[in-house]
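Trainee: Here is how the chains run, residue by residue.
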Amino acid sequence: MTKGTESTYRNKLAEYMGTWRNSYEKARLIEEFTFFEEDGIMKISIENSKESFYQSPWTIGTVKPHGYTPDSNDIVAFKGHIKMDDMEAFFAINENKGLLIIAGYLTFKDEDPRSDCFVREFFYKV
Amino acid sequence: MQANQLAHTKTDDLVSEFYHEWGSDMSDLLGTWDNVNPKTGQISRIIVTSENQQLKLQAFGKLNEGEMDWGTVVCEIFSSNVASPTVEGFMCRFNFDFMHVQIAGNMKYGVMVIQSYNTFTDGTSRNNYFSREFFCKLNA
Numbered sequence: 000m001t002k003g004t005e006s007t008y009r010n011k012l013a014e015y016m017g018t019w020r021n022s023y024e025k026a027r028l029i030e031e032f033t034f035f036e037e038d039g040i041m042k043i044s045i046e047n048s049k050e051s052f053y054q055s056p057w058t059i060g061t062v063k064p065h066g067y068t069p070d071s072n073d074i075v076a077f078k079g080h081i082k083m084d085d086m087e088a089f090f091a092i093n094e095n096k097g098l099l100i101i102a103g104y105l106t107f108k109d110e111d112p113r114s115d116c117f118v119r120e121f122f123y124k125v
Numbered sequence: 000m001q002a003n004q005l006a007h008t009k010t011d012d013l014v015s016e017f018y019h020e021w022g023s024d025m026s027d028l029l030g031t032w033d034n035v036n037p038k039t040g041q042i043s044r045i046i047v048t049s050e051n052q053q054l055k056l057q058a059f060g061k062l063n064e065g066e067m068d069w070g071t072v073v074c075e076i077f078s079s080n081v082a083s084p085t086v087e088g089f090m091c092r093f094n095f096d097f098m099h100v101q102i103a104g105n106m107k108y109g110v111m112v113i114q115s116y117n118t119f120t121d122g123t124s125r126n127n128y129f130s131r132e133f134f135c136k137l138n139a
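Line by line, the protein sequences are chains V and F.
Numbering that gives the first Met the number 0 puts the first residue of the first sequence at 0, with every later residue one more than the last.
Numbering that gives the first Met the number 0 puts the first residue of the second sequence at 0, with every later residue one more than the last.
By construction, these hints were calculated from the structure, which means they are not laboratory data.
Some clues are possibly wrong.
[What the hints assert, rightly or not] Here are the simulated DSSO-like cross-link-like pairs (lysine-lysine), alpha carbons at most 30 Å apart as the crow flies:
no., chain 1, residue 1, chain 2, residue 2
1, V, Lys124, F, Lys55
2, F, Lys107, F, Lys136
3, V, Lys96, F, Lys38
4, F, Lys136, V, Lys11
5, F, Lys136, V, Lys78
6, F, Lys55, F, Lys38
7, F, Lys107, V, Lys11
8, F, Lys136, V, Lys42
9, F, Lys136, V, Lys49
[What the hints assert, rightly or not] Chain F stretches covered by chain V per the calculated footprint, using a threshold of three residues with CB under 8 Å from any CB of chain V:
no., stretch
10, 99 to 110
11, 119 to 129
[Said to hold, decoys possible] Between beta-carbon pairs, the in silico distance windows are:
no., chain 1, residue 1, chain 2, residue 2, range
12, F, Arg131, V, Lys49, 29 to 35 Å
13, F, Asn127, V, Lys82, 49 to 55 Å
14, V, Asn95, F, Asn127, 19 to 25 Å
15, F, Asn138, V, Lys78, 27 to 33 Å
16, F, Lys9, V, Ala76, 58 to 64 Å
Glycine included, every Cβ here is placed at the ideal spot set by N, Cα and C.
Chain V on its own, in the form it takes in the complex (with noise of 0.2 Å):
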């Protein structure tokens, strides 16, 4: 953040935070994901969808917030980025009227044979 009050940010941040549901029963990837502050930083929890194509448990992302312009203090999108011992994950998240969508890119270690891959889902904030 460059501009704008500190507390207005703060208050856009804090309707992002908790858990966000798939609006998908049939998710390709994950069931539902949560958004959650530690030291200062943002952070990413991910369950996996019953039907998941990727099964492994996820670990703990950090998130980046941005804005619309570079002189807003408001939030609109996210930079998310996972790192795990097969697969390194890349999110691009935005808002849409209450709705978050995920373009997820998957990236999976040299000597993995799976293809790397890109998801897209919609959640809801439960």
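With chain V fixed as given, assemble chain F onto it according to the hints.
Mentor: This is chain F only, laid out in the frame that chain V set:
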């Protein structure tokens, strides 16, 4: 009558030779749908029911205090193609004294996407406008 003899304006209007009557499955749409945006100034809640193979929609408009029950209307239903038995879209219209609201809805990965086309008929200078918002079964 052969499928290709049916009146049509484009290829997708025609049924395939594998088509047979399936009926319409509306089950995915039924229930109470809440706007995922708690700050909306549009429709706050939708209740979808079926009766005698008709899809019915009751909408509630968000007010500064509470909400307004718009009543219940019958929907025109749509599948993703002429042979699909699954209803994935619908249209309906609410007529008020001073405006009418045309609703076009569709399902997308468990989200009900509602577009509304709002037309004022009271002669005021308000612009007609449209909105697009998202609804989920929050209490399911």
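Trainee: Output the numbers, in ascending order, of every earlier hint that fails for this structure.
Mentor: 11, 16
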